[in-house]
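Undergrad: As a plain string of letters, each chain reads:
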Amino acid sequence: MKSLIERVSTKYNLQEVVQQRDNLVFAYVDKELAIDMVTYMRDYEGYAHFTLMSCVDWIEDGKFQLLYLLNNPETKTEFGIKVAIDRDNAVMQSAHHLWEQIWTYQRELKEAFGIDFPGSPRVDEDFVVEGWDDMPHMRRDFDTNKYAEETYFMREGRKSYDPATYMREKLYPKQPVTAKKNKDEQ
Amino acid sequence: MKQQTRNNKRINIITMNIKDILTPFTAWSKVVQDPVTIKDPLTREAAPRYRGFHKNDIDMCIGCGTCEDICENQAIDMVPVEGVETKSGDSGLRPRIDYGRCCWCALCVDICTTNSLNLTNEYTWVDADPEVFIYTPGVDKKSWDDKEDGWQKPVPNYHFYGQKRVHMGELHADERKDSFIEFVKGYSKEQAEMEADRCVSCGICTATCPAHMGIPEYIAAVRNDDMEEGMRILYETNPLPEICGRICTHKCEDVCSVGVNGDALSIRWLKRYIADQIPADVEKYNEILYTKDIKKNDKKIAVIGSGPAGLSAAYYLGLLGYSVTIFEKLPEAGGMMRYGIPSYRLPYDQIDKDVDYILSIGVDIKYNVNIGTDITLQQLNDDYDAVYAGTGLHLGRSTRIPGSDHKNVYQSVDLLRDIVTGAPVPVEKKIVVIGGGNVAMDITRSMARLQMEKYGEVNVIATALEDEEHMPADREEIVEAREEGCDVIPAYGPQEVIIKDDKVIGLKVWKCLSIFDETGFNPKFDESDERIFEGDMVIESIGQGMDLSYLSEDIKAKMEFGPRGRILVNEDWQAKGLPWLFIGGDIIEGPDVIHGIANGHRGAMSIDEFLNQGR
Amino acid sequence: MTIYAQLGYTFLGLFLVLNWGMLMSATFRKIVARVAGRHGIPIYQPWIDLVKNAGVRTTLSHGTMFYLGPVFRLTGAVGMFLFMPALVGIGNEHWLNFSFQGDIILILYFQLFGMLGMALGAGEGGQPHSAIGIGRGLAQHAAVELPLTLGILSLAIQYQTLSLVDIANAQQGGILNWTLFTNPVASAAIMLAALGAFGHSPFNLVKAPNEIPIGPPTEYHGSYLGILMSSGAIIHVMEAALFMNLVFGGATSWIEFIIKTFLIYFYSIFVGVVFPRFRIEQSVVWFFKLPLVLGIIAILIYSF
Amino acid sequence: MNELLKKAEANASTKEEKSFVRPEDEEREVIAPDGSIIKVNPIYDYFSGEKPSVEKPNKGVVEKFLNWARAESIWVLGFGTGCGSIEIPPLMTPRFDAFRFGVQMRPTPRQSNAFIISGYLSVKTLKRVIRSYEQMPSPKYVIALGSCTINGGMYYDSYSTINRLDKYMPVDVYIAGCMPRPEALLAGFVKLKEIIKSGKGEGANLYAENFDEYKANQKKVIKDWNMPDYNW
Amino acid sequence: MSNKFFQPDRSKYPSMKDDGTLDVDLSSQKYTKIWLGPNHPGVTGNMAVEMTLGGDEIVQAKTHVGYLHRGFEKLIERRLFVQGFPTSIRMCVAEPDTNEYLIARSTEELSGLTDRVPEMAEWLRTLALEMARLQGLLRGVPGQAGTYSLGIGVQWGVYLRDLILDRFEELTGARVYHMYIIPGGVRGLLPSGFKRRMEDNLTDIDDFIVRIRKLIFHNSVFKSRAVGSAVIPKEWIDKFGIVGTNARASGVKRDVRKDNPYLKYSELDFDPPTATDGDVYSRTWVRWQELVQTVDLIRQIMAKMPEKGDIRGDMPNALHWKIPKGETYVKLESGRGEYGMYYVTDGSSKPRRVNLRGPSYTHAIAVLEKMLINTNIADVHATMVSLQTCPPEIER
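Protein chains in written order, with my numbering: chain A, 602 to 787; chain B, 4 to 618; chain C, 10 to 313; chain D, 650 to 881; chain E, 14 to 409.
Mixed in with the good hints there might be a few duds.
Restricting the straight-line Cα-Cα distance to at most 20 Å, the calculated cross-link-like pairs of lysine to aspartate or glutamate (DMTMM-like) are [stated by the list, open to error]:
| id | chain 1 | residue 1 | chain 2 | residue 2 |
| --- | --- | --- | --- | --- |
| 1 | A | K664 | A | D687 |
| 2 | D | K872 | A | D734 |
| 3 | A | K677 | E | D251 |
| 4 | D | K688 | A | D734 |
| 5 | E | K252 | A | D637 |
| 6 | A | K775 | B | E592 |
Don't read these hints as lab results, they were simulated from the structure. A quick note: this is a predicted structure, and the numbers were derived from the prediction, not measured.
So that you can see chain A by itself, here it is in the shape it has in the complex (with noise of 0.2 Å):
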């Protein structure tokens, strides 16, 4: 594993090499070089078994963090190939014609996050949900809650009460709050 790291490092220039297990690596590629380096571990490297693509919304830094997880049947390790893509303009170079289900992915992930991969086959259509009309629905900023009850009916009638401030209304509503006022006052 160790060897492996250096040569493709070098070669690749991985940043943020995390080897989470003896079998799991972790690494951030950049973007121009992310395609080619997975054909390369497909083909070099007996990274043939293709397990996982998934993203990740960093909303804070403004990226998506794309993932390619490759596993090597021989060595029984398993290599995650990390791409940052700008979340503004989040388009992707499509990885269909490396593995047949890779397709299925990239259209999920159009769905779930918007980010597009030209070329890729059927990557406009509808996966899981239909007639869509609000933003990626596993974006951060989607908040799905919020959604639920503008959308969805609850059933009335509910109403909790928190013990704590509970408790003060009942045993001693005229507790005295100073410090907050003079903090609220700065």
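Start from chain A and add chains B, C, D and E according to the hints.
TA: Relative to the frame of chain A, chains B, C, D and E by itself:
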């Protein structure tokens, strides 16, 4: 069977043979077997551990709402129910469960602090009306309320929060019993975070705390390692965190919901931890607490006494912009905290740390001023807009048993004060202490230390009317006293100080059977069980009285007094009859630092209200 | 016997056959349930289902033929009964219904008639699943018909008649007179074809709920379905009666009728429970193999 | 609505062909429970092709007898809408053997009279469920399984699942549990039988009577009303 | 059974273009389109296959999922680490415990508390996972014959599965959604008498195993349907990312339990069965062997596991558990194949991203769509079941 798997022999499937036509018919052999169907599935009992419908023992439940917090489906509401009163240690709320949300994961049962919430193994509830599926277990009667079987908290060693309190480092008894150095070491960061992690953030304690401190909030600050925020939360209700963090009577810990089935959270130590993390630097304090420049108003307040009540009142009045002057009889601030509590429990520099900050926000203090003699109360009334009196209980109370007027019979408050001021303290070889309260333990352990210094051995007997369980002193005080070599003998009532040749030689005690009856305080003794505790001096520590000498007669005449000389105040802590005089602290609530602080805070607010009435 | 008396007997017979058919199907569902290890439906369930279906309020139609489909099916069933001798032998003349010379051809025609009617009706329903089912059903029927007809032809040559009554009567007088023993090859062809005619597994792709829900009756509901159910019950008994008359010596009393039809029907269940179903082209091929060959041999034996 | 329909609509509105539409099929506005106004276009929106009509029950003994038969012959549509459907196989197999209770599965909605909503319904499934429900002949009954149908259950905050089933179709029986055991389901059938026998199982007529309200609710959540060319 | 006579020349059938569209002109009236599902008794779970038919044969198939979409991954992002596991178990109802294990293990690994999970809990987790596999196989193996309408085996199998569910109920407190494997350990010890009752059930299952072999694998009609049907060639395995029994039936021995042993699998004696043909029959046969093996494994586990022990290690307070930033991918071998979870934390008390990788994701879409082309519609259901598609794990 196994062999077949191992060999992985592939049966020949291509040739279609007669066997392949005939073997399937073996299935027909089943036709002669009895059906395996459950005869009456509608009454079938589920497994003993099955997670069925909820039941709740509402008497055991304290309404902490932890179940609501852990529920990932927001299925649980805490609602008030009839017949359950809101009181200290019980929010009066009970969980109401929405079966339109519940997923029967039983996390609520697993985290339930009192083990009152359980699941039965009843599972059938069918109704045409969807509205009925919201119910309060234990209150709304259900057919499964009496079922025994069902999901209970798993055993062994399955907890959602730590059951064991993080051990507080202390000096060993041998190390500490000969010195007045603080023996409780305080938590380290890891320990504090671990202890804070046990909190379930229910907030039951807040109501019980006399000062209503935001306990879950500051514990959360410990968890998040945000000491400055923690400090701000502390100072919202308590301007003496260092002191309280050490000697608070922590009534909160008695009602801690974590403590119902485990060790209560060490709320006090966590408070101390927060305060300890901020260095003794008033600048820093002012910065953290945003008290650098407080807008002053033109009103002046006098505060009598710099005990917890007085300091607290002064601080909060100061925050509101009043010019506050504290008048202190003794040479240093702190009152009973400094002069009544031995420094192995509360070091003086910690008192100074809190006091210095309070003074730094613009509170003035005048030492060695004795109201009544140096300046009269009436004068204060004339010079100031209002007066706050937190004068405390500085007089010892006597048992008035035969021989108690002997010169070798002392009052604990006097001795404790002498120890602090450096006045000579008589230390005999054998000492008997009467009393089972915290002060009694303080004097017991202080005397033990002095004995250790003087004689190299400890020989103190502390005796109390109450039996072991009911002794008013904190449990750990008694334990620590014993560790240090003191003899704590509960359930004996003093009858006579035995005097021989004008010297005290011991204390005669009878076994105490009961203390209270329907008429009130009226102890019953077993005279046959008589013991004599040998001692060269006897210290009485059965309670303190107030010194009201600063009240002149005409002022006293205007005020109202209750039974046993208690000053009566209204709900705003105004003395009845004297609207400008606000009274708080031990003289109202009895000896307790946190009550004093709460009184001071509320007194300050009342003064603010009183003075702003016209506006 | 007057025509009215005959009509009376025929209707009584029809009533008996209908109820027997429903009871039989319930019994078999219970037997199959027992193989599975359970109790199965209550024995009276088919009647309740029938009443329930009659009580369904919504009636949707997709056109005249949609109405007529179940009617055709029922006509087919009743037609089979009308020309099928229920009981044969001396003293049972009044249970011969309207059978006459050459009734086998008529019965085979009615068998197909019901199916065709169903096909037309279901086709009108516009359900592609129905259409697929019809295609499969007719294909399989054609495949079944061939060995069956050859077998019957062999019997016709053997007994020199196309009258079912005559064939059945010729088998009276001992078990060894049954065609089963006198003409085993033709019997084998007929009985193998019978598997297909009953439409149980492995030849039930027509109504396979797993592959297409659920073939021709997909769109039928309520009273239509009730009619289909009752005609199904009659048809099952009649098919069994046909094979009984052809191969197993007919019946001389209702008890015998019941026992024999039951056993013949049971035979198809017995196979069906333990075998999965063929794909349609597999089942066609299957009928074109062994049963067809047997049918041809049976013809050849009696032709020369 | 797909592009073609939109185009067709646009064309239709330019010409005066709209007058050919039957009055009850004309586009109209209905008021949703939350006060908002929703446009309903029956031709595109009502899956069953037309508005269902109330079908009055018979009177007296006849209806009682029919109700008894309906209660003893519950044909359930084999549409596993959610996780609860995993408990249907045990129900129909040796252990619980619901056949004893007159319960049978039917593969097509046309032949079923009971619909088991086995838990949560995603909006995508809801659309199919409504269509199936509308295809079922009256009288029809709905059994709702588990928390999800009552008030959203585990998925109360999911953007994809509805919370209250009774807003979208009439429900006869609710069974508490997540998921309910087969025994509870059998108890549900027993309860349903009681309801049917007492003549209260008139969900189909309820649906027809309050059709506009139900449609408005359905329309609120189902954005894409274009139905693929399903045929079942 | 050779049907060469009925095998038409398929070279002129339309094929899929690169962009996924079909070279089929539907308006030419030569093709019909029918849907299999979602309301369909033959569909596994609730999904749909849109089929374009040329006669009785499929020229194009499209899998439609999302009918069971609940947005789990979004929901778990809103839940505390402990709250996640009741939600996660509902991701796939066929073998629910696998989800729990993944989420528990990911949480433990990222918070660095893996060592605190007690030995006993590890054994119990292994037992729960194997029981889950067993109950899945008891449905799955006869279920394959059930797709060809051989219902008897299914009835037996579901009954026996119910017995295993009874054991689950005893052990975990629930029939299907066990919510047993919690981050930090498990939620209960074996009740007394459990092993004996389990052994009784296993004996019944032994009998069932023999019966089902006679009923299915020595059944001429089953063979004629299953042999040579829906073949996965060996070269597809990597190309499509096929795992589990589907890969093993094609002769590629991949089993996470052996390749990357987790829990107690390294202490158990087993060898994943394989076959070579990759058709429906081989897959069913491999699964049958796995059934035998699982029964054996459960016996081994019960013999080797300690009698007593802690069930859960000391974990941070469930209400305030925070996990530092990190990511991991944890996998296990479910009955359907490699089942993994990509888990990202960001230092807060809730996970940042949870992505479940179910084998059906590949099997039910890419593989199924490819495989269905040129099959008879009668075989669609069997193909689907033989790939063990489980729609909830596709759409989550």
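Undergrad: Take the hints in turn and mark each one as holding or not.
TA: Cross-check of the supplied hints:
Taken as a hint, the K664/A and D687/A pair is honoured in the structure, with Cα atoms around 5 Å apart against an allowance of 20 Å. A C-alpha spacing of about 8 Å is found between K872/D and D734/A, which places the hinted pair at or below 20 Å, so the restraint holds. For the given pair, K677/A sits about 14 Å from D251/E by alpha-carbon distance, which is consistent with the 20 Å threshold. Restraint check for K688/D and D734/A: the C-alpha separation of about 17 Å stays at or below 20 Å, so the hint holds.
Restraint check for K252/E and D637/A: satisfied, since their Cα atoms lie roughly 18 Å apart, inside the 20 Å limit. Restraint check for K775/A and E592/B: satisfied, since their Cα atoms lie roughly 18 Å apart, inside the 20 Å limit.
Consistency with the previously given hints is maintained throughout, with no hint failing.
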